[in-house]
Amino acid sequence: MFQQILDQLIERVPEALAATFSDHDGEPICTRTIQVPNEALQLLGAYQQTVKQHLSQAIEEFDRGDIEQIAFATAEHWILMMGATEGCTLVLIIQREGILGRARFEMIRAIKSLNKEL
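Residue numbers (our numbering): 1 to 118.
Certain hints may be false.
[Claimed, not checked] Cβ-Cβ distance ranges computed for the label pairs, FRET-style:
no., residue 1, residue 2, range
1, D23, A71, 19 to 25 Å
2, Q8, A71, 16 to 22 Å
3, E61, Q3, 38 to 44 Å
4, Q8, A73, 22 to 28 Å
5, N38, K116, 21 to 27 Å
6, E27, L55, 18 to 24 Å
7, I99, D23, 25 to 31 Å
8, P37, N115, 25 to 31 Å
Please keep in mind that the hints were generated in silico from the structure rather than gathered at the bench. By construction, the Cβ of each residue, glycine as well, lies at the ideal position given by its N, Cα and C atoms.
Let's have the full structure, built from the sequences with the hints guiding it.
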């Protein structure tokens, strides 16, 4: 079922290049890639917890809320990360010219479905 949810996410975001859903240890539960190497996806999933921890420390002076989403851009891509229950992580990579709002909306939908399956 996890794989089907990732496949639907990729279909609903036309500029999507890859998605991975990882457990709390950063181990991939399922992956769907069009152009991105599996190893790169696995690293992004594994490092999400570290990135989230460092960002939380950086903002703790003015915002004590949990980090819900992380998005960063390179010259060619948007990389979006979103947490799920049980410490799992969803990572989506889209082309830079992609519509970030649509990608975020579809990730939220996917997270809801993934959480139901956990």
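Results for each hint:
For the pair D23 and A71, the beta carbons lie near 22 Å from each other, so the given range of 19 to 25 Å is met. A C-beta distance of roughly 20 Å is found between Q8 and A71, which places it inside the suggested range of 16 to 22 Å. Between E61 and Q3 the Cβ separation comes to about 41 Å, which falls inside the hinted range of 38 to 44 Å. Checked against the hint of 22 to 28 Å, the pair Q8 and A73 passes, with Cβ atoms roughly 24 Å apart.
Under the hint 21 to 27 Å, the C-beta atoms of N38 and K116, about 26 Å apart, fit the expected range. Under the hint 18 to 24 Å, the C-beta atoms of E27 and L55, about 22 Å apart, fit the expected range. Evaluation of the 25 to 31 Å hint for I99 and D23 yields a pass: the beta carbon distance comes to about 29 Å. Look at P37 against N115: about 27 Å separates their beta carbons, and that is inside 25 to 31 Å.
The structure agrees with every numbered hint stated previously.
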